[in-house]
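A.B. asks: Taking the hints into account, I'd like the entire structure generated from these sequences.
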Amino acid sequence: MTTTDERPPAIEEKRKRERKALRLSWVDLFLWGIRVAAIIVILWGLIGSIQIFASGEGLTAAGWRDLIVSSLAQGAMYGLLALGYSMVYGVLGFINFAHGEVFMSGTLVGFIAANWLFENGVWEANPFLSMFIVLIVAMVTSTLIAVTIEKVAYRPLRGAPRLIPLITSIGMSFFIQYSFAGLFGVGFNTYPPPPDVIAGTVDIFGLQIRTTQLTVIIIAMISMIGLWYFVTKTKSGRAMRAVAEDKEIAGLMGINVDRTIVTVFAVGGAMAGVAALMWSLLFRSVSFFTGFIPGIKAFTAAVLGGIGNIAGAMGGGVLLGLFEGVGPLLILGGLGIPGASQLKDAVAFIALVLVLVFRPSGLFGERLGSEDRV
Amino acid sequence: MTATVAPAATPTGTTGSTVDLARVIRVGTLVGVGMVYVSVIGLLATFNRRLVIDPWLSLGYLVLFAAPMFGGLQFIKREKLEGLEPEPASINDVVQAAIVGVIGGLIAALFATIVNTFPDVRSVFPNWSPELVELLTLGLGVGPAFLVLPAISAVVAAAAAGTSFLPERMRKALVVGLLAVVAVSLFQPVVDDFFDWLEVVPDFLYTPTRAIGVPGAIAVFVLAAGLSYFRPRGKNGLTRRLGSEDESVRRRSTIITAVIVGVAMIALPRFLGGILNELLVNVGFFALMALGLNVVIGYAGLLDLGYVAFFAVGAYTTGVLTSPLSPTWDPMLTWWQAFPIVLAMAALAGLFVGTPVLRMRGDYLAIVTLGFGEIVRILLLSDWLAPYFGGAQGLRNIPGIPIFGTTVNVNTPQLMVYMVMAFVLIAAFISWRLENSRIGRAWAAMREDEDVAEAVGVDTVKAKLTAFITGAVIASFAGALFAAKVGSVFTNSFEILVSIVILVIVIVGGMGNIPGVLVGAVVLIGILGGPAQPGLLQEFGEYKLLAYGALLVFMMLKRPEGLVPSKRRQRELHQDEFSQDAWLDRTPSAPGPSVAEPGRETF
Numbered sequence: 001m002t003t004t005d006e007r008p009p010a011i012e013e014k015r016k017r018e019r020k021a022l023r024l025s026w027v028d029l030f031l032w033g034i035r036v037a038a039i040i041v042i043l044w045g046l047i048g049s050i051q052i053f054a055s056g057e058g059l060t061a062a063g064w065r066d067l068i069v070s071s072l073a074q075g076a077m078y079g080l081l082a083l084g085y086s087m088v089y090g091v092l093g094f095i096n097f098a099h100g101e102v103f104m105s106g107t108l109v110g111f112i113a114a115n116w117l118f119e120n121g122v123w124e125a126n127p128f129l130s131m132f133i134v135l136i137v138a139m140v141t142s143t144l145i146a147v148t149i150e151k152v153a154y155r156p157l158r159g160a161p162r163l164i165p166l167i168t169s170i171g172m173s174f175f176i177q178y179s180f181a182g183l184f185g186v187g188f189n190t191y192p193p194p195p196d197v198i199a200g201t202v203d204i205f206g207l208q209i210r211t212t213q214l215t216v217i218i219i220a221m222i223s224m225i226g227l228w229y230f231v232t233k234t235k236s237g238r239a240m241r242a243v244a245e246d247k248e249i250a251g252l253m254g255i256n257v258d259r260t261i262v263t264v265f266a267v268g269g270a271m272a273g274v275a276a277l278m279w280s281l282l283f284r285s286v287s288f289f290t291g292f293i294p295g296i297k298a299f300t301a302a303v304l305g306g307i308g309n310i311a312g313a314m315g316g317g318v319l320l321g322l323f324e325g326v327g328p329l330l331i332l333g334g335l336g337i338p339g340a341s342q343l344k345d346a347v348a349f350i351a352l353v354l355v356l357v358f359r360p361s362g363l364f365g366e367r368l369g370s371e372d373r374v
Numbered sequence: 375m376t377a378t379v380a381p382a383a384t385p386t387g388t389t390g391s392t393v394d395l396a397r398v399i400r401v402g403t404l405v406g407v408g409m410v411y412v413s414v415i416g417l418l419a420t421f422n423r424r425l426v427i428d429p430w431l432s433l434g435y436l437v438l439f440a441a442p443m444f445g446g447l448q449f450i451k452r453e454k455l456e457g458l459e460p461e462p463a464s465i466n467d468v469v470q471a472a473i474v475g476v477i478g479g480l481i482a483a484l485f486a487t488i489v490n491t492f493p494d495v496r497s498v499f500p501n502w503s504p505e506l507v508e509l510l511t512l513g514l515g516v517g518p519a520f521l522v523l524p525a526i527s528a529v530v531a532a533a534a535a536g537t538s539f540l541p542e543r544m545r546k547a548l549v550v551g552l553l554a555v556v557a558v559s560l561f562q563p564v565v566d567d568f569f570d571w572l573e574v575v576p577d578f579l580y581t582p583t584r585a586i587g588v589p590g591a592i593a594v595f596v597l598a599a600g601l602s603y604f605r606p607r608g609k610n611g612l613t614r615r616l617g618s619e620d621e622s623v624r625r626r627s628t629i630i631t632a633v634i635v636g637v638a639m640i641a642l643p644r645f646l647g648g649i650l651n652e653l654l655v656n657v658g659f660f661a662l663m664a665l666g667l668n669v670v671i672g673y674a675g676l677l678d679l680g681y682v683a684f685f686a687v688g689a690y691t692t693g694v695l696t697s698p699l700s701p702t703w704d705p706m707l708t709w710w711q712a713f714p715i716v717l718a719m720a721a722l723a724g725l726f727v728g729t730p731v732l733r734m735r736g737d738y739l740a741i742v743t744l745g746f747g748e749i750v751r752i753l754l755l756s757d758w759l760a761p762y763f764g765g766a767q768g769l770r771n772i773p774g775i776p777i778f779g780t781t782v783n784v785n786t787p788q789l790m791v792y793m794v795m796a797f798v799l800i801a802a803f804i805s806w807r808l809e810n811s812r813i814g815r816a817w818a819a820m821r822e823d824e825d826v827a828e829a830v831g832v833d834t835v836k837a838k839l840t841a842f843i844t845g846a847v848i849a850s851f852a853g854a855l856f857a858a859k860v861g862s863v864f865t866n867s868f869e870i871l872v873s874i875v876i877l878v879i880v881i882v883g884g885m886g887n888i889p890g891v892l893v894g895a896v897v898l899i900g901i902l903g904g905p906a907q908p909g910l911l912q913e914f915g916e917y918k919l920l921a922y923g924a925l926l927v928f929m930m931l932k933r934p935e936g937l938v939p940s941k942r943r944q945r946e947l948h949q950d951e952f953s954q955d956a957w958l959d960r961t962p963s964a965p966g967p968s969v970a971e972p973g974r975e976t977f
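Heads up: the protein sequence lines correspond to chains A and B, in order.
Residues 1 to 374 in the numbering used here are what the first sequence spells out, letter by letter.
Residues 375 to 977 in the numbering used here are what the second sequence spells out, letter by letter.
None of these hints come from the bench; they were simulated from the model.
Be aware that one or more of the hints could be misleading.
DSSO-like, lysine-lysine: derived pairs with alpha carbons at most 27 Å apart [what the hints assert, rightly or not]: (1) Lys451(B) with Lys546(B); (2) Lys451(B) with Lys151(A); (3) Lys546(B) with Lys941(B); (4) Lys235(A) with Lys151(A); (5) Lys932(B) with Lys151(A); (6) Lys546(B) with Lys932(B).
Computed from a predicted structure; not experimentally measured.
C.D. replies: If you want it as structure tokens, here you go:
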């Protein structure tokens with residue numbers, strides 16, 4: 001009796017499994033197709049570029065070197081921005097879409113300080129002090145905005161389904177963006193030219209590097225070391241890691257979870273403020289829209305490095321900077337695509353898609369809280 | 375009763391007997407900050423150009439003094455607790471509200487003084503201007519402003535708080551009356567077009583500035599408030615009938631509503647002029663896209679932030695296939711011949727975007743789709759694909775839609791409205807049928823919990839891909855119509871902002887609910903407009919994205935289920951409250967749900 005009863009479901013089950021295996025393999029096939037195609041395209045582009053380089057056309061070796069250095073500088077900036085995304089994701093498990101605007105607020109308010117210093121002659125007379133003042137202004141602004149967003153928009157949503165804070169942060173992003181558009185006008189504001197001290201180039205191991213780019217890389221390194229010290233050696237840092245691991249247990253262990261989350265936003269905001277100074281050194285012109293695309297790219301960098309992983313965020317930033325700086329010319333140029341530099345943003349986004357297809361946990365591994373590991 | 379529960383029931387100083395100074399100062403400061411914010415981002419100056427009640431009130435001042443109004447309302451909010459009477463209205467609330475108004479007004483006046491003292495800041499803040507001082511001080515100068523601004527804000531705040539003394543019914547009538555005055559004034563073009571056959575009405579209502587005059591305002595207020603006050607109440611309200619337990623009553627009232635709305639929609643374009651029909655067409659485009667996104671996010675729970683890409687695919691495919699000026703390849707099909715190909719291309723695009731993101735976490739999916747949206751736009755704009763899609767030049771000379779011997783294009787706005795409406799109906803029908811089908815239930819299961827859905831045998835791969843493809847096809851309807859209507863396509867119609875606005879429509883209207891999404895499209899696009907399309911309130915201009923952002927945050931915090939919520943969604947989002955209510959409603963005598971499973975029967 002039981003055997004006859006059991007057999008049909010078992011067969012059915014087996015058929016189902018087979019069907020499922022077949023279907024999964026169809027999706028897998030598609031994904032493998034993407035992987036193989038990506039590798040072929042990249043290789044083809046590389047070979048094409050090498051041919052172009054060997055034939056003496058296109059960029060010279062020095063040109064490539066400059067491109068790489070400037071990409072590194074930009075990547076360092078993405079890295080600092082990515083930290084904000086990565087830390088918030090690690091602790092709260094959602095993408096703080098408004099982090100790009102936190103950065104933008106730093107660039108715009110920093111511009112007021114820079115402009116004031118320039119008009120009063122301090123900018124040229126005392127360049128390092130001026131830069132320090134701009135840095136502090138940008139950091140304070142970004143930190144304040146980040147903490148305010150957390151308090152107003154995210155704290156009431158603690159524990160909501162994860163798409164709800166994400167949608168809220170999208171709304172917040174546009175709200176802040178267009179508030180600043182109203183405040184500063186929609187046009188571009190241009191920072192004063194960099195002081196003479198950092199306007200030229202320096203010679204390092206025979207490489208001519210523009211001093212602004214070198215400054216940016218040095219600032220990024222100092223910030224990273226400071227952040228590493230903060231997270232690993234201080235009490236607040238330990239609290240942060242505990243909260244990221246498990247909010248509930250951390251709370252039971254006597255950690256003030258709300259305050260720790262505010263700290264996370266504050267630190268992320270401060271790093272965005274540093275990134276704001278770097279942006280002003282690299283590009284000088286800022287507007288209300290400055291934060292949007294860099295924000296998305298920085299998130300890409302955070303995913304690239306493995307979300308929740310602080311060192312990974314920095315590494316991801318540098319890698320993304322290289323991808324989008326060198327990639328269009330190296331690969332698309334090698335394929336003979338005209339106007340490759342127009343496709344810079346597209347390359348960054350394609351990098352995001354490819355990372356998530358190839359290795360969704362990022363290059364250096366994710367570090368997420370217990371409830372976020374999916 | 376009060377002796378035992380009252381202390382626990384009044385958590386943060388909402389007691390009516392004392393003045394909570396800390397709270398008053400906090401709310402007052404917020405009101406002041408709100409007033410400064412409205413001034414400094416330029417809302418006051420921009421909106422001041424539009425009068426609401428001629429010559430007393432401009433939209434700018436309405437927005438400015440909304441801050442003390444909301445501040446005052448804070449003090450008459452009562453927490454509704456089960457089994458407790460809310461505290462009665464008290465004069466104390468009014469006093470507190472008035473103090474809040476004074477604080478807010480003082481901060482605003484102080485700000486005006488600062489602006490007046492440091493005019494140089496204007497080089498950075500464009501709105502930091504003498505005109506702003508003039509506006510903020512009501513033209514009286516900085517000194518008197520310290521008296522006048524606090525006085526007005528205090529009166530506004532106290533009046534708002536004072537409404538708590540009125541009976542509920544009268545308060546509602548008052549609100550309805552005031553809203554009606556503002557609405558009639560701001561929607562002057564609609565009223566004007568509508569009463570084309572009876573010029574007396576708009577002539578009476580409006581002054582030459584397009585705003586409502588004082589006699590008109592009084593008439594509208596009395597009419598609307600009276601209607602609200604004497605409205606018959608009871609079980610026969612339409613909303614109640616639509617939500618009726620009785621299947622036949624519900625079905626009958628649904629059909630009646632649908633017929634009325636249908637007749638109105640057919641009649642409407644005849645009454646309206648060119649500009650309003652243009653507006654209706656835009657509303658239709660966004661309604662179509664919102665219906666499509668509703669399938670993806672509302673039914674299947676997949677947050678797609680690059681939805682505009684499918685709109686672009688639809689528009690560009692139509693352009694390439696029908697335009698004689700298509701750069702490389704111009705088959706010059708008619709719109710109807712091209713249409714199936716457009717749908718196929720959109721479905722393919724949906725499949726192509728959907729497959730790589732199948733195994734991604736929900737929030738990664740959002741960013742990746744956003745990336746896809748941008749990739750599509752960048753590629754269409756690039757020099758590389760310019761030989762096919764025209765790059766920055768776009769595609770031009772796209773012919774209209776030939777139908778019944780005429781051509782529907784930009785010159786025939788009325789026909790275009792009908793055309794778009796027909797497609798909105800088709801899309802609504804498709805999504806309605808899908809929602810209640812097997813795949814619709816699979817979507818719902820997947821939205822709730824993907825792992826559980828998979829465990830009980832839902833094919834999530836198929837469910838996700840169908841959601842993406844359905845959404846893409848509906849968006850391509852909008853794209854194809856858009857190309858035919860405008861006659862040319864450029865990449866700047868496919869900015870990421872479009873995706874965001876569609877998202878706001880779906881969320882404000884009510885995720886997963888077709889009437890909600892349609893209401894959302896009509897209200898938001900009709901009033902505020904799309905990213906590049908003006909709405910009825912053209913003054914909003916660049917501030918409409920500010921409004922969209924604020925709306926998104928507000929809705930998520932206060933009413934995540936939207937204006938017209940879908941029943942199921944509402945239950946999901948307020949599950950705790952539902953369970954609690956069910957538990958509280960449970961009477962010992964009734965065969966209610968057991969304590970172990972509170973509220974099981976209410977689901």
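A.B. asks: State for each hint whether it applies.
C.D. replies: Outcome of the hint check:
1. Lys451(B) with Lys546(B): 15 Å, holds
2. Lys451(B) with Lys151(A): At roughly 22 Å apart (the allowed maximum being 27 Å), lysine 151(A) and lysine 451(B) satisfy the hint.
3. Lys546(B) with Lys941(B): This hinted pair holds, its Cα atoms lying about 25 Å apart.
4. Lys235(A) with Lys151(A): Holds, because 23 Å separates the two Cα atoms, which is no more than 27 Å.
5. Lys932(B) with Lys151(A): 15 Å, holds
6. Lys546(B) with Lys932(B): Distance ~21 Å between lysine 546(B) and lysine 932(B) Cα, so the pair holds.
When held up to the earlier numbered hints, the structure conflicts with none and fits them all.
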